Amino acid sequence: MATNAGSRRFRSDPGLVARMTFTMFLIGALYVAVIAVLIAAHVNVGFVVVLAAGLLFVQYFFSDKMALFGMGGRIVTPEEAPELHGIVDRLCALADMPKPRVAIADIDMPNAFATGRNPKHAVVCATTGIMRRLDTEELEGVLSHELSHVAHRDVAVMTFASFLGMCAGLITRFTYYSGLFGGFDDRDDRDGGAPAWIVILLVSLLVYLISFLLTRALSRYRELSADRSGALLTGRPSALASALQKVTGDIARIPTRDLRQAEAFNAFYFTPAIANGFSISSLFSTHPSLEKRLAQLAKISVELGQPVA
Amino acid sequence: MGLLDTILGRSKPVKPDLDALFALPSAAVTLEASLGLKPTGVGSVCVKPAEGGGFAGLRDQIDQLLAADNDKYAETKDSFGFSWITRSGSPDDLADLVTDLHAVNSSLADAGFGPALLCTLVVFSDGREPALGLVYLYKRGTWYPFAPTGPDKRDNQRELGVRAALGDDLKIEADLTRWFPVWGAPGL
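Taken in order, these protein sequences are the chains called A and B.
So for the first sequence, the numbering used here puts the first residue at 1; every next one is plus one.
So for the second sequence, the numbering used here puts the first residue at 1; every next one is plus one.
Source of the hints: derived by calculation from the structure; they are not laboratory data.
This list has only true hints and no planted wrong ones.
Only some residues are given here: those of chain B computed to face chain A with a beta carbon under 10 Å:
{"#": "1", "residue": "Ile7"}
{"#": "2", "residue": "Gly9"}
{"#": "3", "residue": "Ser11"}
{"#": "4", "residue": "Val14"}
{"#": "5", "residue": "Glu51"}
{"#": "6", "residue": "Gly53"}
{"#": "7", "residue": "Ser79"}
{"#": "8", "residue": "Phe80"}
{"#": "9", "residue": "Phe113"}
{"#": "10", "residue": "Leu117"}
Now the stretches of chain A that chain B is said to cover, found in silico as 3 or more residues with beta-carbon under 8 Å:
{"#": "11", "region": "93-105"}
{"#": "12", "region": "297-307"}
Straight-line Cα separation of at most 30 Å, BS3-like style, residue types lysine-lysine; simulated pairs:
{"#": "13", "chain 1": "B", "residue 1": "Lys171", "chain 2": "A", "residue 2": "Lys120"}
{"#": "14", "chain 1": "B", "residue 1": "Lys171", "chain 2": "B", "residue 2": "Lys72"}
{"#": "15", "chain 1": "A", "residue 1": "Lys65", "chain 2": "A", "residue 2": "Lys120"}
{"#": "16", "chain 1": "A", "residue 1": "Lys120", "chain 2": "B", "residue 2": "Lys153"}
Computed from a predicted structure; not experimentally measured.
Using N, Cα and C, we set each Cβ at its ideal position, and we do this for glycine too.
Isolated chain A, as found in the complex:
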C-alpha cells in the first residue's frame, strides 16, 4: 500500500525516457556508422580522435572551474550566504546526495547553473540577479533543478554524447584547410570522381550536423528530466514553474538595478522572436520551450495533488 501510493505520486515519465533513449540510440548508431565507414575506407583519423578526446577531457575534468570562471562565480561559505546554503543543505538531505560547493556570481542576469564531473566535485552557482528576483520557494525550485543535473551526471553524459560531433567538426575544419591549400594527394582523381578531400569534407559536415541536432535534442530531454526530478524533490512544481516564468519570461528583461547603474547594459536586452509550434529555432536550442516545461510541471502538479486514499 505504502509503496503503491508512493510510486503513484512520484513516478517517472515513460514517454520522456523513451524519447531520450531513442535519441541516445541514434547518437550511438551514428558512432557505429562512422566507425564502420572509417574502417571500410582505411582512413586513419587517430590524431583527430586523440585531439578531440583531449579537449573534451579537459572540458569534462575542469567543467566546474571553467564554468565558475566564465560566470565570474565565487565560492561562498555558509556564514557569507546562510540562506543559499540552507536551501542547498535541505535539498541534499532530502535527496540523499553529497553537498556541492555553493557559489554566487555578481551578475544582474537571472541565472543559475550546476556543473562538475560527478556529485563529489560539483558546484552550484546562482547569480545575484536570480536571488533578487525569486522568493525562497522559487529559488529552491531552481536549485533543485540544478542539483538534479548533478545527480543525473549530465556533464558526463553530454560530454560523451558530443564527442563524435567534436571529432567531425575537427575533421571538417582540417579537411577544409588542407584541401584548400592542396595538402592531400588526390589519388582518386584518376577515376575522374570528386577529389577525396571534398568527399571527406561533405561526409564529416553531414556527421557534424546530425550529431549537433541529436545532442541538442538530448540536451532538451535532460532539461525536462531535471525539471521533473527537481519538482518531485521539493514537491512544489508550481514554484519551479513560477521561477521559470520569472527567469525566462518577459519579467526577466526588466532590470532590478537602478537605471543609472544599469544603463550601460541596456543595449544588450533584446526580445527574442516568439516561435509558435515547431520551428527551426526549437531544433537548435539547448533548452525546451517555456510552454513545454510549464506543461510538464502542470502535469506533475496534478499527479502530486491526488487525494490520499
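With the hints as your guide, set chain B onto chain A.
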C-alpha cells in the same frame, strides 16, 4: 543511483528509513550517564509540504489526530518553507515521544509522502548550557548532534563530544559535511 538511472536521467525519490528512530531511548540513557544530557520532552518532525490537495488532505487528517491528544502538538513553518510538527510532552517518557513521532512519520510515508520527510529532531538539555538536538536523517538512516549557541553559531566541540559518547548506541552520520544546521528549530 544506478548506471541505468544516470543514462536515462531519472532519479528515484529516496525512501525514508523510519525504524531506526526506536534506537533513541537506549542512547538517551548513555547520553545522561556520560554527559548529563536529559531529554526535554520536545521532539519534532520536519517535512517539506508538497503542493496540492493530496498533502492538504493528509495534513487535515494529522491535525485531527494531533488535536485529539490534549494540545501536545504544534505546527510551525520555518523560513525555508518546511513544516515542523512538534510534540511537547513529559520529559520522562522518551519512549512515548518516539512512538508518537513514528506515528506521524509513518502516516506521511503511507500516504506516499515519505520522500518529503527531511529529519526528526529530539531535544536534550543539561540545564546549564543551551539545548542540544539529536537530528535523525531519514534518507541516510543516521543521526548527528546539533548544538546551536546563538544565531548562526554552533558548538562543534560539544557536537563531537556527543558523537564520541553515542558511537556505540546510534548510527552516527560519518560524513561531517552532512551535519547541516537547523537554526531556530522548535525546542532549541
